[in-house]
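A.B. asks: Between the sequences and the hints, there should be enough to build the whole structure, so can you do that?
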Amino acid sequence: MYSFIPWLLQLLFIPAFAPLCIGLTRKIKAKFQNRQGASIWQPYLDLWKLFHKDEIISEDASWVFRFAPYLVFGVTLAIGASLPLLSTLTRLPTGDFLGIVYLIALGTFFLALSGVDTGGGFGGFGGSREMLVSSLTEGGLILSLFTLALIAKSTNLFSISAVMLAVPSFAIIPAVLAFISFCISMLAESSRYPFDNPATHLELTMIHEAMILEYSGKRLALMEWAAANKYLIFISLAVNLFYPAGLATTLGLGSLLIAFGALTIKVAVLCAGVATLESSIAKLRIFRLPDLLFTSFIISLIAISIIA
Amino acid sequence: MLSFLNSSGVILIILSLFSIGAVGALILQKNNNLANWWGNGFAIIGSLVSGLFAANILASSQTLAYKISTSFPGLGLSFNIDRLSAFFILIISLITFVCSVYALGYVKHYYRKYNIGTLGFFYNTFIAGLLLVVMASNALFFLIAWEIMSLTSYFLVVYENINEQNVKAGTLYFIMTHVGTAFIILAFFLLYNTTGSLEFEAMKNGASALSPLLKNIIFVCALIGFGTKAGIIPLHIWLPSAHPAAPSHVSAIMSGVMIKTGIYMFIRMFFDILPNAPLWWGICILIVGSVSSLLGVLYALAEHDLKKLLAYHSIENIGIILLGLGSSLVFLSAGLKTFAMIGLIAALFHTLNHAIFKALLFLGAGSIISQTHTRNIEEYGGLIKLMPATALFFLVGSMAISALPPLNGFFSEWLTFQSLFSGATSFGTLTKLVFVLSAGALAFTGGLAAACFVKAFGVTFLARPRSDEAKHAKESDLSLQIGMGVLAALTLVIGVSAGNVSNMLSGVAGSVHGLAGSEIINIANSNTVHVNNEFAVLSMPALLAILLAALLITYILVKILSGKQKITVGRTWDCGTDLTPRMEITATGFSRSIITVFKNVLKPTRQNEIEYDDANLRYFPKSNSIHLELHDVYQSFFYKPLKNLLIKISDQMRKIQSGNMNAYILYIFIALMGLLLIVAK
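Protein chains in written order, with numbering that gives the first Met the number 0: chain X, 0 to 307; chain C, 0 to 680.
Since the hints were derived computationally from the structure, they do not count as laboratory data.
A portion of the hints provided could be inaccurate.
[Unchecked claim] Below, simulated SDA-like cross-link-like pairs (lysine to any residue); rule was C-alpha separation at most 25 Å, straight line:
| id | chain 1 | residue 1 | chain 2 | residue 2 |
| --- | --- | --- | --- | --- |
| 1 | X | K152 | C | F534 |
| 2 | C | K558 | X | I55 |
| 3 | C | K602 | C | K565 |
| 4 | X | K30 | X | F286 |
| 5 | C | K384 | X | Q32 |
| 6 | C | K563 | X | I264 |
| 7 | X | K152 | C | G334 |
| 8 | C | K473 | C | V485 |
| 9 | C | K563 | X | W62 |
| 10 | C | K602 | X | F286 |
| 11 | X | K152 | C | E533 |
| 12 | X | K52 | C | V568 |
| 13 | X | K282 | X | F31 |
| 14 | C | K565 | X | D53 |
| 15 | X | K282 | X | F178 |
| 16 | X | K48 | C | S592 |
| 17 | X | K282 | C | R570 |
| 18 | C | K431 | C | L335 |
| 19 | C | K598 | C | S624 |
| 20 | X | K48 | C | R570 |
| 21 | C | K563 | C | L551 |
| 22 | X | K265 | X | A161 |
| 23 | C | K307 | C | L627 |
| 24 | C | K29 | C | H108 |
| 25 | C | K203 | C | Y65 |
| 26 | C | K107 | C | D476 |
| 27 | C | K598 | X | L283 |
| 28 | C | K565 | X | E58 |
| 29 | C | K307 | C | E163 |
| 30 | C | K563 | X | V63 |
| 31 | C | K642 | C | L629 |
| 32 | X | K282 | X | Q32 |
| 33 | C | K565 | X | D45 |
| 34 | C | K473 | X | V63 |
| 35 | C | K470 | X | E58 |
| 36 | C | K167 | C | Y666 |
| 37 | X | K52 | C | L551 |
| 38 | C | K214 | C | V178 |
| 39 | C | K558 | X | E58 |
C.D. replies: And the structure:
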């Protein structure tokens, strides 16, 4: 039986480390641009600052706008608590991968609505673009995870991790293909290059930033924090489902510490990968994005069809 | 009381309640208020009784057979209410009950414009027809019930006959539904030819004597016939114009339950009556389901008539139901009965869910339309502040149809996914590919549906009003709110208790002839659903609990981290110009990018019109308008060639019609001689 304390710890894991992830990615990008860059702790300070600022809310906005940040952030907490972060032991009945995918969709749904709610041109177009990207991402995302489910004979994330710890030899190529497909979905869902530029407010291209343009104060903090959570959720899914080495199979303190260390290293490596990618390619035109997303879908399809 | 509900007399009581409602409303048509209360009052009582009746049969898991013989050859008024029928009666009763409560207030805006008495008459007969369709157990009796349902719904579609569009939509519906009926009649008579009986029970017993070819022909006829009613693509063309034309509470019943009678007959024919389905039937239904769900949602995205948008979503959801149904048929042909159960449960569950949330959305649309008097969502906006209750209920419906947890739509889509996944794990190459592609279609459908409802909800309810009507909208009557509220609550209740509901549905699925012999499995254990031997486990209550806990923690976190900050209400950033409603995103703008992505499928057309101040000096445009439309591919690639072919054949046939009386007498003479020769032989 899953006891309450480890669950609570797991629940707080993602929000506690997500800003660090963002900070790390930014730092590496800054190095690529020959800049010193802000400290990797800067995102924490930003959040702290925003939580203590006054707020302005548009007179056109309704309760959807006021409530959305809480839900968007809450959803990332709920997902974070259902992931195999440190151990494979706890098979939560909410840890089904389709459940996770649709919980993400729940957050996106309200994020897009909050963009439309203020009645400005930016928010509306942000919402429209976000739904374009997220609706086309779903196919690749679900099928890439289903590839793993087929190998592991289970759609539960904890079971998938447990099986992938000892990858059967026939599964290596499909898993690699699914990983590529998953990474494309990850970049799309967490608003990174080549889908979205997280560092700009350029009106022609912004997606995520356009939706949260009217937020300020603590609600903006929640939105920014939720975006960071989503980033870390996808990164830890990528590393712990596809390369779960180091994951604890017993609930001892030692093995959990090892798992924590392994996770930190793997996440740092993937963050570096994302930062490198962002520094070496340009953002794609919005109507080129569907091609990339369909590619992700097709790659997963190939992966599934070569599983014996 | 309970033993009374078991007796066959209840059927007659239910039918007479609707008849009294129908005739009474007609008699009272002079007084609007009285006719409204009489018609809808009896519909409420009737659906309440039939709901209890069906629930009782489901609970006692027995079959109720009842027959009234007639002197007409072949026709027996036989009722056979097994658990499958009872389940559909329950859905029909539930939706009609809620819609009738809603109608008490909604019909008021027709007062002094239209005849309330005839509305009550057709409304009650329509519900009775629906119930008869799922009760009937004789092919002729069924066809009569089918016609009652189709004809009364035709009259309800053309009820608002001042608008010429509605009459046109009705005519299209009338033609299409009878083309479908023709195929149904053909299917039944082919069955009759071999089995020698029009009774469903006798057909079931004699159907094993059918040759494979004949069985396949019957399958195709039934697929076209009942598929027309269900609204599968490309037989759907009547649906998006007919459903919006009817009064909203009738649209809710048509989209929520009437098209489901097509699904009911699919199950009745392919699982119950025809034995040993070959593999290609299931594959065929899977493909039809994938195409209908994907194209349905894409057309919905392009739509900015609110009720038409919802009608296209009905096509999408019928597609999703067919994905469950098709996978179940494939499993059945491979002898995998446990998986076939999962597929059928998924289909039945989605049937129930779609009935609830689609009715909810149509009732919400009706509530908006009764205030704004337009179906064009570009003229709404900001209604959440003026109609808060309608907005909340519509939001719940939007979330349910977008399959967002913890509401009911999520669970049935999850189960459909699992059914498709099971297919991918248990078959080789080609069949596996069909299952995986269907899963992919379902994944895209889910995402696009969410996009479509962000558009529908956002443009309708959020931001600022775009027209004077929207500015002066008020919250609707209490009866409308009750109707929507009940359904909104049900989406959550059924979502959270999905395990118990699927156990009930496994009883329904197990009672079907084709699945008899598979041990009745309870797929849920204390509300945690297990699929395919621990392949997938899901607990909806846990999902709700974790979401609520996460929301609570978020709230506490914000309280801890932030102090007492001021909230100022200000203007949206306007870039220095005055914000007008025209600066908000429109429905067309919202979905434009997705339509562009799918332009090869949707074939959008575009017309630009620019008017200049000075025709010679083309620098200062006076007005600039863009007209966007979708090219109707079904008309040009399917229906037009079909029509041309028909006209060509008719032209040839006309040659024998010379107009000469002597020639006609000669034809009669030849026909008579021919017949005599056949008989004499």
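A.B. asks: Indicate, hint by hint, whether the structure satisfies it.
C.D. replies: Now for the hints, and whether the structure bears them out:
1. X:K152 / C:F534: 6 Å, holds
2. C:K558 / X:I55: 18 Å, holds
3. C:K602 / C:K565: 51 Å, violated
4. X:K30 / X:F286: Violated: K30 of chain X and F286 of chain X sit about 31 Å apart, past 25 Å.
5. C:K384 / X:Q32: At roughly 48 Å apart (the allowed maximum being 25 Å), Q32 of chain X and K384 of chain C break the hint.
6. C:K563 / X:I264: 39 Å, violated
7. X:K152 / C:G334: Holds: K152 of chain X and G334 of chain C sit about 21 Å apart, inside 25 Å.
8. C:K473 / C:V485: Holds, at about 21 Å.
9. C:K563 / X:W62: 20 Å, holds
10. C:K602 / X:F286: 16 Å, holds
11. X:K152 / C:E533: Holds. K152 of chain X to E533 of chain C sits at ~9 Å (cutoff 25 Å).
12. X:K52 / C:V568: This hinted pair holds, its Cα atoms lying about 15 Å apart.
13. X:K282 / X:F31: The hint holds at about 17 Å.
14. C:K565 / X:D53: 5 Å, holds
15. X:K282 / X:F178: 21 Å, holds
16. X:K48 / C:S592: Distance ~37 Å between K48 of chain X and S592 of chain C Cα, so the pair is violated.
17. X:K282 / C:R570: The given pair, whose Cα atoms are some 32 Å apart, is violated under the 25 Å limit.
18. C:K431 / C:L335: 15 Å, holds
19. C:K598 / C:S624: Roughly 21 Å separates the two Cα atoms, so the pair holds.
20. X:K48 / C:R570: Holds: K48 of chain X and R570 of chain C sit about 23 Å apart, inside 25 Å.
21. C:K563 / C:L551: 19 Å, holds
22. X:K265 / X:A161: 17 Å, holds
23. C:K307 / C:L627: Given pair K307 of chain C, L627 of chain C holds - Cα atoms ~16 Å apart, limit 25 Å.
24. C:K29 / C:H108: With Cα atoms ~16 Å apart, K29 of chain C and H108 of chain C stay inside 25 Å; holds.
25. C:K203 / C:Y65: At roughly 17 Å apart (the allowed maximum being 25 Å), Y65 of chain C and K203 of chain C satisfy the hint.
26. C:K107 / C:D476: 10 Å, holds
27. C:K598 / X:L283: Distance ~20 Å between K598 of chain C and L283 of chain X Cα, so the pair holds.
28. C:K565 / X:E58: 15 Å, holds
29. C:K307 / C:E163: 16 Å, holds
30. C:K563 / X:V63: 22 Å, holds
31. C:K642 / C:L629: 21 Å, holds
32. X:K282 / X:Q32: Since the Cα atoms of K282 of chain X and Q32 of chain X sit roughly 16 Å apart, the hinted pair holds (cutoff 25 Å).
33. C:K565 / X:D45: 19 Å, holds
34. C:K473 / X:V63: This hinted pair holds, its Cα atoms lying about 19 Å apart.
35. C:K470 / X:E58: Judged against 25 Å, a Cα distance of about 15 Å means the pair holds.
36. C:K167 / C:Y666: It is violated: about 38 Å lies between the C-alpha atoms, which goes past 25 Å.
37. X:K52 / C:L551: OK: K52 of chain X and L551 of chain C at ~22 Å, within 25 Å.
38. C:K214 / C:V178: 21 Å, holds
39. C:K558 / X:E58: 24 Å, holds
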